[in-house]
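2 protein chains.
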Amino acid sequence: MKKRILISNDDGIHSPGIQALYEAVKDLGDVIVVAPAGEQSAVGHAITLSDPIKARPIARPDGFHGFAVGGTPADCVKLAVCALLPEKPDLILSGINLGPNTGISVIYSGTVSAATEGAILGIPSVAISLGSYQTPRWETAARVARQVAQQVLRGGLPPDTLLNVNVPNLPAKSVRGYRTTRMGRSRFVEKFDRRTDPQGNVYYWMDGDLELLGDEDGTDIIAVREGYVSLTPIWFDLTHRAALPAVKKWNLKWRKP
Amino acid sequence: MKKRILISNDDGIHSPGIQALYEAVKDLGDVIVVAPAGEQSAVGHAITLSDPIKARPIARPDGFHGFAVGGTPADCVKLAVCALLPEKPDLILSGINLGPNTGISVIYSGTVSAATEGAILGIPSVAISLGSYQTPRWETAARVARQVAQQVLRGGLPPDTLLNVNVPNLPAKSVRGYRTTRMGRSRFVEKFDRRTDPQGNVYYWMDGDLELLGDEDGTDIIAVREGYVSLTPIWFDLTHRAALPAVKKWNLKWRKP
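These protein sequence lines map, in sequence, to chains H and C.
This note's numbering numbers the first residue of the first sequence as 9 and each following residue consecutively.
This note's numbering numbers the first residue of the second sequence as 9 and each following residue consecutively.
Calculated directly from the structure, the hints in this document are not laboratory data.
Careful, some of the hints might be misleading.
The list makes no distinction among identical chains, and a pair is therefore deemed to hold if it is satisfied within one copy or across any two copies.
Stated by the list, open to error - Derived DMTMM-like pairs: lysine to aspartate or glutamate, alpha-carbon spacing no greater than 20 Å straight-line: (1) 34 / 95; (2) 199 / 59; (3) 199 / 95; (4) 264 / 147; (5) 10 / 38; (6) 256 / 168; (7) 264 / 31; (8) 261 / 147; (9) 11 / 31; (10) 257 / 168; (11) 256 / 225; (12) 264 / 234.
Extracted from the complex, chain H is given alone in its bound form (with noise of 0.2 Å):
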């Protein structure tokens, strides 16, 4: 039986990167593409509850169809999988993202949030980035989606687990490898740049560098930096277990009034 997948992505339906994506895996199964009507990078994992979500029906000549969302790519997920989807779909490919989803930055992404959002609803699901915002190698991320998209679709994927893949902006000929790695803890340290309105008033915008901090060996960070293509497993469960016996420990009585 034909395999349903399911694409969609942060950057926005109109991208180079969902497009690179589509071409990859169009002849794996039935593709159908749900995904932002613009741009929402760094949405973290945002729903809308406030607001209608509309969804217009978008067809290319080269097969490509599917829905142009007015949300998150968390709503995408949600309104595919519940309203638009005749089924549910066998695998989720979100992206392929501009821009590395390594270290903490995986906790803003929107590319990770719609594959989160998959492995909330039960369904295999992977995010996809490549490590560059200059001259991207979609090619080569392409190449990658294609390869974990087969090894999903045969072999799926842990419980409550969803795939975080990174890909290095290399020539296809100069990856090294896959790398299974754990998610960094090197992340963006901000800068704030003040300015003033022409009505004196203050606002900011936020700027930063990545600073490598600790250890990172065995992250999602150093792998590819390597040259390697990272898979991390994520969860959606933030307990932090090691934490639990401090807390338990301050054994905190409620003062009633």
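Got chain H; can you put chain C on it based on the hints?
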């Protein structure tokens, strides 16, 4: 030395919950409020990169002062710590949120994201939410906020940990105590209400019901339901460590072109 406390939230700087939180802790240190100018619920861990972020000073006769920020809760904490405050705060409190942040809801929560941002910046951070949308008993949640703030100012939090606190919507004398919990697995199961606008365009409203999924013993959801305040240590490392061996076992070989 006087402790510095930063307050934020996602319901906005004019919400009753943040006022109740301010009043509960104002004598515990130098308190400053940096919160969204408008409501920012279910924004997840979004940050504002492509737009300028406005910050307008606010001061009320009761001493409540700080900045109303045209951004998300995560923006507020970043901007406060990196640009607005003269020194790093000793404690960040986010809330009091109207409505619970338990189970899967945690990943959509702006309230929790403000505290997560604090933890990323290395500051002890606490999110406080009240378990009902109707007739909120702010006085109960305020009492909890004060007690937990005192505990954290005294003893800190484990590294890389924020504390997610959920308060049952009961009179203070009926609260049964504190419980250290894990994040539940239950979630809203979405329904989408399909409508057509006067121009014939299709749109959807997202709605849903909380569905108890699987064994929720020991979770935030059950604790609040049974009349306890839940204390859940949360972190920002999303790696699903238990799933690492399964991905490694794929032993995926890179297919060079």
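Here's how the hints hold up against the structure:
1. For the identical chains of this complex, residue 34 and residue 95 are intra-copy neighbours only, at 18 Å inside a copy versus 54 Å across copies, given an alpha-carbon limit of 20 Å.
2. Taking CA atoms no more than 20 Å apart as the test, residue 199 paired with residue 59 passes between copies only; the shortest distance there is 15 Å, against 32 Å inside one copy.
3. In this assembly of identical chains, the alpha carbons of residue 199 and residue 95 lie at most 20 Å apart only when taken from different copies (15 Å versus 46 Å within one copy).
4. Proximity of residue 264 to residue 147 under the C-alpha cut-off of 20 Å is restricted to the inter-copy arrangement: shortest distance 12 Å between copies versus 64 Å within a copy.
5. In this assembly of identical chains, the alpha carbons of residue 10 and residue 38 lie at most 20 Å apart only when taken from the same copy (7 Å versus 63 Å across copies).
6. For the identical chains of this complex, residue 256 and residue 168 are inter-copy neighbours only, at 17 Å across copies versus 27 Å inside a copy, given an alpha-carbon limit of 20 Å.
7. Taking CA atoms no more than 20 Å apart as the test, residue 264 paired with residue 31 passes between copies only; the shortest distance there is 18 Å, against 63 Å inside one copy.
8. With identical chains, the CA atoms of residue 261 and residue 147 are at most 20 Å apart between copies only, with a shortest distance of 17 Å across copies and 59 Å within one.
9. Proximity of residue 11 and residue 31 under a CA criterion of 20 Å is satisfied intra-copy only: 16 Å inside one chain copy versus 57 Å between copies.
10. Proximity of residue 257 to residue 168 under the C-alpha cut-off of 20 Å is restricted to the inter-copy arrangement: shortest distance 18 Å between copies versus 30 Å within a copy.
11. Taking the closest pair of Cα atoms, residue 256 and residue 225 come within 20 Å of each other only across two copies (16 Å); inside a single copy the shortest separation is 32 Å, beyond that limit.
12. Taking CA atoms no more than 20 Å apart as the test, residue 264 paired with residue 234 passes between copies only; the shortest distance there is 17 Å, against 57 Å inside one copy.
Of the hints listed earlier, there is not a single one the structure fails to meet.
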